[in-house]
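**Student:** Using the sequences provided together with the hints, build the complete structure.
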Amino acid sequence: MGVFSRMNDIVQANINALLDKAEDPQKVIRLIVQEMEETLVELRAVAARNLAAKKDLQRRMERIERQMDEWQEKAELAMQKDREDLARLALGEKHKLELQIKGMQGEFQQVEESLQNLQQDSGRLQEKLNEAKAKQKVLMMREDSAVARLKVKVSHDSQKVGDVIERFEHYEHRIDDLEAQLEAYDLVGSQANLSKQFEELERDGRLEEELNEMKARLSKKVA
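Heads up: the sequence shown begins at 1 in UniProt numbering, then just goes up one per residue.
It should be emphasised that the hints constitute simulated quantities derived from the structure, not laboratory data. Treat each hint with caution, since some may be false.
Claimed, not checked - Subject to a maximum C-alpha distance of 27 Å in a straight line, what follows is the list of computed DSSO-like cross-link-like pairs (lysine-lysine):
{"no.": "1", "residue 1": "Lys-27", "residue 2": "Lys-135"}
{"no.": "2", "residue 1": "Lys-81", "residue 2": "Lys-94"}
{"no.": "3", "residue 1": "Lys-55", "residue 2": "Lys-96"}
{"no.": "4", "residue 1": "Lys-94", "residue 2": "Lys-55"}
**Tutor:** What follows is the structure, given as structure tokens:
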């Protein structure tokens, strides 16, 4: 694709529409900026060539104009010397150079118009490039903002998960405490029951001993 047709496509392109259709706007805008910058470089290269051609034409035209002046002087000298034939020939050479100058003037005008068009095209393309870079900056800012907000969201959600886990651990500790209290109660209760049984055995033994003593005393009285 030629530089001018490509430039025209870029200038006519609707950047917003391209970004709306793109799956990856960042990538699309980066490619658009790259394409514009490359096209702008090519336009400047074409402008440089045209400017060089313009300067070359100017030098050639100035040289021819000097030659025309020289032939004019020769024709006048010939007339002063009554050499009309030589004056006619000198004027003929001058006329040839005049025709050459006219052709070069047309070429010079074309180069001048081309430079003006290149300047206008470069200006339009630069405006588009500035627009694209502004879009690129906005997209980058939006992406950075979205990434930062997402990190905050993830961090916040992680904190929520941590809070839930902490609550579960707290409940687990409470349950452990309750189970420990229950086990301690059972342990103390069983020990108390065992002590009570031994107390009953001792009490039964003392009663039995007292009964035996009473039986012995009563037997002695009867005898």
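**Student:** Hint by hint, which ones does the structure fall short of?
**Tutor:** Per hint list: zero violations.
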